[in-house]
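Student: Chains as they are written, first to last, in this note's numbering: chain A, 1 to 117; chain B, 118 to 231.
In short, the hints are calculated from the structure, not lab data. Be aware that one or more of the hints could be misleading.
[To be verified] Straight line, CA to CA, 27 Å or less: simulated DSSO-like cross-link-like pairs of lysine-lysine:
(1) B:K226 / A:K41
(2) A:K40 / B:K226
(3) A:K40 / B:K158
(4) B:K120 / A:K41
(5) B:K173 / A:K44
[Unchecked claim] What follows is a list of derived Cβ distance ranges for each label pair:
(6) A:N79 / B:H198: 18 to 26 Å
(7) B:K120 / A:S39: 17 to 25 Å
(8) B:S143 / A:S80: 29 to 37 Å
[Unchecked claim] Just some of the chain B residues that point at chain A, by a computed CB distance under 8 Å:
(9) L119
(10) D183
(11) F205
Only a predicted model underlies this, so the values are computations on that prediction, with no experimental measurement involved. Even glycine gets a Cβ: it sits at the ideal position worked out from N, Cα and C.
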Amino acid sequence: DTAVSQTPKYLVTQMGNDKSIKCEQNLGHDTMYWYKQDSKKFLKIMFSYNNKELIINETVPNRFSPKSPDKAHLNLHINSLELGDSAVYFCASSQGGGSGGLQETQYFGPGTRLLVL
Amino acid sequence: ELKVEQNPLFLSMQEGKNYTIYCNYSTTSDRLYWYRQDPGKSLESLFVLLSNGAVKQEGRLMASLDTKARLSTLHITAAVHDLSATYFCAVDLNYGGSQGNLIFGKGTKLSVKP
Chain A
1 DTAVSQTPKY LVTQMGNDKS IKCEQNLGHD TMYWYKQDSK KFLKIMFSYN NKELIINETV
61 PNRFSPKSPD KAHLNLHINS LELGDSAVYF CASSQGGGSG GLQETQYFGP GTRLLVL
Chain B
118 ELKVEQNPLF LSMQEGKNYT IYCNYSTTSD RLYWYRQDPG KSLESLFVLL SNGAVKQEGR
178 LMASLDTKAR LSTLHITAAV HDLSATYFCA VDLNYGGSQG NLIFGKGTKL SVKP
């Protein structure tokens with residue numbers, strides 16, 4: 001059983017296109033996240049949603065728009081793709097709620113490898 | 118701004134040897150995580166350290182946290198090839214009172230050679 005899944009796994013597209021990445025978790029978690037891992041393997045949080053509400057919105061171009069139709073899904077839509085958007089995008093989830101403890105452990109999806117040509 | 122620094126960034130070690138990876142962070146936090154990433158794969162949670170003096174062990178890996186020194190260590194005992202991977206520490210920034218804003222170190226790429 002896949003806990004956190006992402007589609008697609010690979011995405012190759014041209015500059016200027018619009019694309020979406022989907023994420024689903026079946027862990028019953030309340031909080032979901034998007035991270036970007038660049039070519040140097042540096043990981044940076046982009047967004048976080050708790051129960052469909054945006055709680056973390058780091059400095060990310062507004063071409064990136066997250067959408068959470070329900071607490072099990074957090075999709076990432078990217079408009080007008082640029083070369084610099086090429087990276088691996090990871091979705092993650094945690095129980096959240098701010099209660100601390102092991103509930104805050106984030107479980108990561110397999111990643112979506114985006115290449116913009 | 119919270120900074121998380123790991124060292125070394127690259128570590129080549131022989132099987133059977135011991136070594137320690139260090140993770141320093143620049144502001145107060147009481148929540149630190151260690152993750153493992155194999156090449157081309159996702160991140161796997163190894164340890165969650167939630168208080169000063171916390172120590173967790175799993176197999177050949179042991180992690181500790183000193184919140185006063187703002188330092189966590191990941192100690193590898195008698196390394197084996199299967200431990201080759203990139204290890205990340207991450208500190209929770211406690212963003213706006215809601216946890217979950219993890220700031221990651223740059224990772225330590227560990228290579229264990231026979």
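Student: Confirm or reject each hint.
Tutor: Here's how the hints hold up against the structure:
{"no.": "1", "hint": "B:K226 / A:K41", "in the structure": "10 Å, holds"}
{"no.": "2", "hint": "A:K40 / B:K226", "in the structure": "11 Å, holds"}
{"no.": "3", "hint": "A:K40 / B:K158", "in the structure": "15 Å, holds"}
{"no.": "4", "hint": "B:K120 / A:K41", "in the structure": "16 Å, holds"}
{"no.": "5", "hint": "B:K173 / A:K44", "in the structure": "25 Å, holds"}
{"no.": "6", "hint": "A:N79 / B:H198: 18 to 26 Å", "in the structure": "44 Å, violated"}
{"no.": "7", "hint": "B:K120 / A:S39: 17 to 25 Å", "in the structure": "21 Å, holds"}
{"no.": "8", "hint": "B:S143 / A:S80: 29 to 37 Å", "in the structure": "35 Å, holds"}
{"no.": "9", "hint": "L119", "in the structure": "12 Å, violated"}
{"no.": "10", "hint": "D183", "in the structure": "19 Å, violated"}
{"no.": "11", "hint": "F205", "in the structure": "7 Å, holds"}
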